[in-house]
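K.L.:
Read off the chains here:
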Amino acid sequence: MSQESHPAPGNFLTKYVFSLDHKVIGIQFLFSGLIFWILGGLLALGVRLQLGWPNQALTELLKWFPFLEPYIPTNWGSRISPEFYTMLFTMHATVMIFFVVVPWLGGAFGNYLIPLMIGAKDMAFPKLNMLSYWILWPSFFFLVAGFFVDGGAAGSGWTAYPTLASVSQNPEIPDPGLDAAAKLSASQEKTSHPDSEPGLWEKIKNRWNSPAASQSGQGQVYWLLALIFSGVSSMMGSINYITTILNCRAPGMTLLRMPLTVWGLFITAVLQALALPVLTVALFMQFLDRTVGTVFFLPPAGLSFGNWQTGTGGGQPLLWQHLFWFYSHPAVYIMILPAMGMVSDVLVASCRKPLFGYKPMVFSMIGIAGLGFIVWGHHMFQSGMDPRLGTGFMVATILIALPSAVKTFNWLATVWGSRLRFTAASLNALAFISMFVIGGLSGIYMASTPVDIYIHDTYLIVAHIHYVLFLSSMFGIYAGIYFWFPKMFGRTMNEPLGKIHFVLTFLLANGTFFPMHILGIRGHPRRYYDPTIFDWLSPVQPLNQFISICAILMGFVQVIFLVNLFYSLFFGPKAGRNPWESNSLEWEAPSPPPHGNFENTPIVLRGPYEYGVADAPGGRISQTGNVQPEAPVLIPKGTHA
Amino acid sequence: MHRFWSLLFAAVNLACLGMLLVAYARPELGWWLPEAASTQAPKIDALFYLISALCALFFVITQGILVAAIWKFPSTKTGEAKPIHGNTGLEIGWTLAPLAGLLVITGASLPVWKSAKYQGLQATFPIANSDPAPAADQVILVTARQWDWHLRYATSPLQPEGVREWAEDGTPADLIVADELHVWKGAQVTLLLRTTDVIHSFFIPVLRLKQDTLPGKTIPLRFEATVSNVRFDPAQRRLVTGENDQTWEIACAELCGGNHYRMRGKLFVHPDRKSYEAWLKHAQSQSRSRTLSASSSSSSILKDASKP
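Just so you know, the sequences run in chain order A and B.
Residues in the first sequence are numbered from 0 upward in steps of one, following numbering that gives the first Met the number 0.
Residues in the second sequence are numbered from 0 upward in steps of one, following numbering that gives the first Met the number 0.
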């Protein structure tokens with residue numbers, strides 16, 4: 000394959016910046032993700048600051064960061080403005096989903112691990128791979144620039160439901176909005192020439208610069224552009240991963256000898272390749288609605304915002320929800336399947352025992368992915384979609400709990416009877432299993448349509464998504480970083496610091512996200528700027544404060560992780576090839592692996608989970624090891640290096 | 000050290016479970032489901048508890064195994080682990096057992112969903128080949144906008160065939176009120192949900208009622224309140240506390256802009272039709288002097304009386 004074709008890099012620029020090497024590209028994804036992880040975390044703390052103490056004047060904060068004045072207006076009592084609050088949670092979710100978890104799992108681990116774990120020299124398409132990273136930079140630009148345009152960043156939720164997101168108000172009509180911050184942008188309105196009919200470009204610019212009655216000004220356009228570019232990046236990545244995994248496996252690496260990490264990434268890539276085009280189309284449609292005035296999401300009769308009327312439409316707001324969730328529900332699995340795979344591999348290496356039920360594990364991942372395509376409607380049970388459709392989506396959604404349960408039992412059976420080594424990596428992997436159970440169970444409440452009537456769009460869904468995405472996926476990512484760091488950088492991370500970080504994050508994350516279940520049971524709606532104005536929500540305000548305190552402390556605790564990461568990068572103890580005594584192929588390469596990864600093309604003789612072998616040295620046989628001479632050497636047709 | 004890890008996992012899980020149990024066992028904390036005041040509310044709550052019981056079972060089993068495994072099998076234990084790669088019997092067992100639980104949940108959910116959402120649809124836009132829904136005692140058109148609810152009450156009984164026409168045209172006798180939903184205990188209420196601008200979601204926690212409003216659509220809903228919280232006293236010409244001294248709130252559950260959190264409305268359930276009609280008459284006499292496009296802050300007719 001083409002992986003043979005690219006030569007070793009000659010200079011700094013081709014080695015570290017415009018690199019074609021999957022390992023460098025993976026690490027580039029890792030570090031860009033890290034920056035956005037910090038940004039996304041700070042945005043979340045802004046949300047928690049508001050919810051914990053909704054009437055608190057942030058005078059001190061303004062003193063230190065005067066540029067925040069438009070968002071924490073002094074004429075709004077130096078408090079976070081409701082409009083800024085919508086930006087905080089919108090951008091927190093956008094950043095964490097599209098710029099942290101997806102690029103980390105797919106971009107960083109996918110790039111780094113796939114060729115190493117299947118015994119390939121590089122990706123099938125190294126140039127496409129490089130492009131998949133660099134096309135993210137326009138996306139980064141639009142994402143960050145959104146904060147600095149009139150009206151601020153997108154504020155219509157990461158789901159960007161029309162018509163809140165898609166209608167931009169005519170700037171010549173006074174803004175009917177009630178509050179100070181909405182008027183800020185109005186003061187910056189450009190005066191248009193009264194006599195002349197504005198040209199097309201003028202009209203487009205007016206739309207872009209419109210003050211947002213609906214929290215969707217120019218920032219929304221930037222948001223759409225950012226997501227379009229990041230989608231293109233993921234698309235390139237997924238095509239590359241599918242091709243690499245199907246065509247570039249080492250001799251003997253049959254599909255059913257691949258480590259579960261590769262399976263997770265493979266299934267994810269297929270999901271992305273099939274679902275992403277739909278999101279991209281939807282994003283373009285909303286982009287056109289906002290910029291050139293198409294009406295894909297504007298209903299036939301048009302809308303009225305206060306005294307201002309839109310023109311007539313011809314579209315349908317519900318269309319967006321179908322298109323959006325057709326991608327974004329599978330995206331939930333895109334953000335968990337690779338972590339499931341990684342956790343399985345970390346766990347097995349720490350358990351010194353074979354993975355229990357390799358095939359059920361693979362088939363349940365395929366089952367999750369397959370069912371994942373027909374459950375998007377469960378986000379729309381209360382949307383006004385025909386309730387009879389809800390019935391069908393409920394059945395599919397409840398069934399998807401089944402493969403997840405099967406996976407959980409197989410993990411537990413893997414740990415049972417093992418010889419567990421407690422490392423920062425394995426502890427995070429164990430926490431993944433424990434917390435995934437909670438996140439999975441809370442999903443059943445939402446799947447049951449009648450219960451969903453009550454808990455839809457409450458904090459129960461916020462608790463659920465964070466148990467799945469933070470306490471599961473993110474703990475899987477921590478486990479993956481601790482586990483593969485020695486391979487990536489040739490040094491190991493500090494174990495005591497890793498364990499301290501684990502214990503504190505584990506406790507504080509539960510302190511942050513578990514009480515959200517109670518808020519949800521109480522009926523606390525999500526995305527509320529100030530719940531205390533409701534009588535029925537006032538009893539849970541102490542919980543909101545407790546959550547905020549835990550969240551802020553958890554933010555500080557992440558500094559331990561960052562210190563550990565950067566200290567170990569330069570001063571960590573040198574790691575050998577195989578510090579965890581693991582069986583899969585990546586540990587046969589030097590740490591870090593050179594250009595081309597392996598000195599000799601590995602020949603794979605068995606699956607990756609041969610542990611607890613009594614007569615083998617170290618009680619294990621690696622995938623290329625041939626300790627038992629009678630083991631058959633199987634090199635199927637169609638696999639070549 | 001491995002015992003510490005086992006205990007940590009046990010402690011975190013027990014704390015989580017304990018928190019839920021405290022919230023459940025001590026309703027005076029206000030950390031649990033609010034009061035159930037409609038016919039569909041107890042059904043939804045029963046489903047909630049059914050799911051909770053099955054989830055608790057699964058939770059205790061899985062977390063228990065995990066905590067025990069961490070306790071029992073540290074790497075310091077002598078000898079190699081047994082190289083077991085799987086067990087078909089176990090796989091079948093732990094596939095079928097959760098499947099049974101999930102089928103129970105599905106089976107229990109179907110009729111509740113049908114009664115909660117099909118009925119409203121049936122009453123307004125009849126579904127072919129199904130039983131007709133009982134005629135509505137009350138029809139109210141709820142129009143959401145940034146950032147309040149406008150409720151238009153039909154003051155004379157409507158036939159199901161006439162509902163659509165009424166929603167479009169209305170009658171001069173209709174009463175328009177902002178942010179206040181008045182019904183009576185036992186009334187079959189049909190709500191027609193609309194929006195003028197963005198998606199909102201009409202959420203009444205005590206009724207376990209939630210439905211998005213969708214631009215360009217009219218979405219019907221049906222409910223029946225079972226507890227009253229207010230009574231109209233004709234002598235004092237104002238609302239007084241009913242059998243249940245509580246303010247019941249209406250909220251918006253779908254992000255609709257910066258003031259999303261401000262779409263606070265109130266639910267008033269009268270004990271009987273008489274009390275409701277007395278209120279209606281009173282409210283109509285009050286509103287005669289108003290224009291229909293009164294601003295949201297002043298059109299709250301019973302502003303003073305709204306605190307029973």
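A portion of the hints provided could be inaccurate.
Output of the computed footprint for chain A on chain B, the stretches with three or more beta carbons under 8 angstroms from beta carbons of chain A [stated by the list, open to error]: (1) 146-157; (2) 262-274.
Calculated lysine-lysine pairs in the DSS-like style (CA-CA distance at most 30 angstroms, straight line) [as the list claims (entries may be wrong)]: (3) A:Lys498 / B:Lys113; (4) B:Lys184 / B:Lys42; (5) A:Lys358 / B:Lys71; (6) B:Lys81 / A:Lys498; (7) B:Lys42 / B:Lys113; (8) B:Lys273 / B:Lys184; (9) A:Lys498 / B:Lys216; (10) A:Lys358 / B:Lys81.
Derived by calculation from the structure, the hints in this document are not laboratory data.
Here a beta-carbon is modelled for each residue, glycine too, at the ideal position from N, C-alpha and C.
K.L.:
Going through the earlier hints one by one, which of them does the structure break, listed in rising order?
P.N.:
1, 2, 3 and 9
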